[in-house]
Amino acid sequence: MSQSLLIISRQSPWSGPSAREALDIALAGGAFDLPIGLLFLDDGVFQLSHAQQPVQLQQKDLSANLKALPMFGVEALYVSARSLEERGLHEQPLPLAAECLDDTQLSALIDRYDQVITL
Amino acid sequence: MKFAIALFSPPHAPSSRRALRFAQAAIAGGHEIVRLFFYQDAVHSASGYVVNAQDELDVPREWREFVQTHQLDGVVCIAAALRRGVLNTEEAERYARTAANLQGPWELSGLGQLHEAVQMADRLICFGGP
Amino acid sequence: MSTLHVLSHSPFGDNRLSSCLRLLSSRDALLLCGDAVYALQAGTAQRQALELMPEVISLYALDEDVQARHLTPPERLNLIDYPGFVALSCQYDKVNTWL
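Line by line, the protein sequences give chains A, B and C. Quick note, the first sequence lines up with residues 1 to 119 if you use the working numbering. Quick note, the second sequence lines up with residues 1001 to 1130 if you use the working numbering. Quick note, the third sequence lines up with residues 2001 to 2099 if you use the working numbering.
Please keep in mind that the hints were generated in silico from the structure rather than gathered at the bench. From the three backbone atoms N, C-alpha and C, an ideal C-beta is built for every residue, glycine too. It is possible that some hints are incorrect.
[What the hints assert, rightly or not] Pulled a few chain C residues facing chain A out of the computed Cβ check, cut under 10 Å: (1) N2015; (2) Q2046; (3) W2098.
[To be verified] Here are the simulated lysine to aspartate or glutamate pairs, EDC-like style, with alpha carbons at most 16 Å apart: (4) A:K60 with A:E21; (5) B:K1002 with B:E1107; (6) B:K1002 with C:E2064; (7) A:K67 with A:D114; (8) A:K60 with A:D114; (9) B:K1002 with A:E21.
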């Protein structure tokens, strides 16, 4: 049986290539039909805020990669409720079908996966 | 135990040395390293063009010698490497660059190699940051 | 499954330690290395947070990092070397390094 891998993305989309490279790990795993989970934690939840304008910083639009996740078979998407609330993002609808989890649920989530990468 | 080791930091980061010492201890302890995978800024830890003062620790050289001595599978992520100017001869020619700074024992390949390593190993151990 | 959480960032300019402490479950352990061992600095809120962790959660630090910084570790801390780090990686079901 395949080992499951949880990728925890903690970087804002504007802090360098880290957020994109975390997503790339998830997309590559999905392309190989592996059981991949993706959790947005801490500043990683800024990847989910609406109407960002990457063109202002001559960057590519990360939200296109986010939307590609289910197409690549990465459907286990999670977000920390606390991180959203701390950053004032808890009242907006999420741009993708991610499950909102409290701290206890996050512990259980990490527990469930075989391996973890926190970026 | 079979380890997959992923490195995310450049050679001057303490975590690159830490990863190296961990890998050496794993081999010394009779464990197996199924693959080393260098991603993000770790691609610089595989560069053959890093020059250190003689009395300073030379982490890229130590990595190279470690991989060669134990005949390990050392993979550098190709997309991360190209973005950061770490190229082998083939890629230098493809993109018309004047020199190649990545030589054996390292191989350039894709993220699929990281996932394959996770599947082959009992444990994935990541090193990065400071 | 049990997780060995590994931190290497200083807890004085960064929220990794506090995030990690909230997500620890009872079978987990914490390993401090690099600048993360500054969390052991006496008289700080970070050290207090570590001392207040439930007893079931083991606390480890890389000996070389503690010695290099000349820190006085709390009683519950287990100092390890690299063979010890490898052994812990085998003992816990997975290793989560907070990069």
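Here is how each hint holds up against the structure:
1. Here the hint on N2015 of chain C is kept, as its CB sits about 6 Å from the closest CB of chain A, short of 10 Å.
2. Checking Q2046 of chain C against chain A: minimum C-beta separation of about 17 Å lies over 10 Å; hint violated.
3. For W2098 of chain C, the interface hint holds, since its Cβ comes within 10 Å of a Cβ in chain A; the closest pair sits about 5 Å apart.
4. Our distance criterion of 16 Å between C-alpha atoms is met by K60 of chain A and E21 of chain A, whose separation comes to about 13 Å.
5. With a C-alpha separation of about 21 Å, the suggested pairing of K1002 of chain B with E1107 of chain B is violated against the 16 Å cut-off.
6. For the given pair, K1002 of chain B sits about 25 Å from E2064 of chain C by alpha-carbon distance, which is inconsistent with the 16 Å threshold.
7. Annotation: proposed proximity of K67 of chain A to D114 of chain A is violated, straight-line Cα distance about 25 Å (limit 16 Å).
8. With a C-alpha separation of about 32 Å, the suggested pairing of K60 of chain A with D114 of chain A is violated against the 16 Å cut-off.
9. Taking the CA atoms of K1002 of chain B and E21 of chain A, the gap is near 25 Å; set against the 16 Å cutoff, the hint is violated.
The structure does not agree with the numbered hints 2, 5, 6, 7, 8, 9 stated previously, though it agrees with the rest.
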